[in-house]
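Fit chain W with the ligands to the supplied structure of chain D, relying on the hints for placement.
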Amino acid sequence: MSTPIKLELGGAASGSLRRMQNRMFLCLTGAAALTLLVPLFGILGYLVTRGIGAINLDFFISLPKPVGETGGGVANAIVGSLMVIVMAGAAAIPCGVLASVYICEFAPGSRFSSIIRFVCDMLNSTPSIILGIFAYGMVVLRMGHFSALAGAFALFVMMTPVVVRATEEILRTVPNSIREASVGLGGTRWQTVWHVVLPAARSGIVTGVFLALARVGGETAPLLFTAFGNQFWNLDPRQPINTLPVQIYKFATSPYADWHRQAWAAALLLVIMIAVISSTVRALTARR
Amino acid sequence: MTDQSKISAQDLSIFYGANRAVKNVSMEIRENRVTALIGPSGCGKSTFLRALNRMNDIIPSVRAEGRVFLDGQDIYAPRVDVIDVRRRVGMVFQKSNPFPKSIFENVAYGLRINGVRSRKVIEQQVEKSLRGAALWDEVKDRLQTSALAMSGGQQQRLCIARALAIEPEVLLMDEPASALDPIATQKIEELIHDLKRDYTIVIVTHNMQQAARVSDFTGFFLMGELIEVDETGTIFTKPTRKQTEDYITGRFG
Ligand SMILES: Nc1ncnc2c1ncn2[C@@H]1O[C@H](COP(=O)(O)OP(=O)(O)O)[C@@H](O)[C@H]1O
Ligand SMILES: [Mg+2]
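Residue numbers (the working numbering), protein chains in the order written: chain D, 1 to 288; chain W, 1 to 253.
Next comes chain D alone, as it looks inside the complex (with noise of 0.2 Å):
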């Protein structure tokens, strides 16, 4: 400790070296950055000049036209994806939330709670044609044939562990504390979750949620061979039903110049809804 150490801090090469270096850091992140604009307005762009055309009022009020014939609309398909997405949402959302209150509130850290988590993973990380697959062994081929019902259960099956790990990493944000007050004042751990906990992640669930739903909207893998697909208006549940993302692969698969014109209107609205419903969310729960 006697020795008196020489300490050169700022010399002009390390000064500008780092200055460089820098420099040159921001430049590389800034285009990371930019680089991912690019295919987003991209998408935006190309969905807009290409769809713009065959939007107007038949678009959202009539059926698909048989092939050969021009003009027709996806209305049947905007109200299938709809029912399905809700059927989807109103199995997932429950489901969801209370596996993940049960996972962090009744048995954190038990080994079922962590297998519940690795589970989730691994379905959020497998293909979404495996689950339209497994949904069609689960359902399509018990009913006979195919239904909005399946491709409900396909969407449930898909959005079930996304709602799971999003509310998890919302109920981590609730402070402790808060439940030991509640439980400090004999509450149980279920009067805990359901006045305090809950209420104080409301707001992140409901984005977490919505951000589930939006996603699981925009699937058509696992709707192929499940929903299916209907030219016709049908609302019962037990049936084929046509919805967006089906549709715009039907529409874009043809080999008619008209069709494809509605494959990408049909795209362009697809996005627009889903984009509506991201960024109400957002703006809705950032206000609380």
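Calculated directly from the structure, the hints in this document are not laboratory data.
Careful, some of the hints might be misleading.
Think about it this way: if two alpha-carbon atoms lie no more than 20 Å apart in a straight line, the pair counts; the simulated SDA-like pairs of lysine to any residue are [unchecked claim]: (1) Lys-187(W) / Trp-136(W); (2) Lys-101(W) / Pro-94(D); (3) Lys-101(W) / Thr-188(D).
The following block gives chain W with the ligands in isolation, referenced to the frame of chain D:
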């Protein structure tokens, strides 16, 4: 003084996994008295305190050995209703922890979850508790505003009011003033003085002057052991044990 024992800990040990944080502590907590627990950081004061209403149960790795009697009933016996124990032995935490709800709902919470439905009863009890915590005059005109908008000292008194609302018999306080400024601290200390008429109070503090000011009895903890417990005056003027003396005179270490 004919001091009745309200809580009696007998040969109590608390483990976090394999780590024994409280070691064979036996201690009487007297009714309608203030008992202070002092000792260096990490010596097991909070752990001991939380054992008195089984708050440690909610930490998965914790295990307790020994007994704690509340009015002669062993609260660690099988088939004891933990909820009931916590209703009778309330707790105020080191960091004030109001719910993100209105002032009114914070105080009403304990009543609601314990099945009180009557609006009138709840309103009366909320007022009584806020008065009991010397907070009523400051908040009576803004009961519906968020508790999170209050000052730190007010939040801590709100937490005391919240605990009082379900009329516990014992109040456990874990360094209730450690995050507060001197004026807010003084208010809490005055409050403790008033509360002991109706409640048995156990307070953890790392502030020895505070222990001397507010308590009737003081227990000194060191590395999980209760070194000495006696009337506060005795502990601070003529402690029996050398370690106690070293600690209170600041010759520790
Ligand atoms: N949640 C916990 N998990 C594991 N160990 C803990 C936990 N809380 C406290 N401990 C340990 O128990 C001992 C006593 O802690 P504590 O009771 O908080 O002391 P004090 O309140 O006197 O500062 C410490 O060694 C601490 O590391
Ligand atoms: Mg402590």
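Comparing the hints with the structure gives:
1. Between Lys-187(W) and Trp-136(W) the alpha-carbon distance is near 13 Å, which keeps this suggested pair within the 20 Å criterion.
2. Between Lys-101(W) and Pro-94(D) the CA atoms are separated by roughly 24 Å; this puts the pair beyond 20 Å, and the hint is violated.
3. Annotation: proposed proximity of Lys-101(W) to Thr-188(D) holds, straight-line Cα distance about 19 Å (limit 20 Å).
Hint compliance for this structure: hint 2 is the single one not met.
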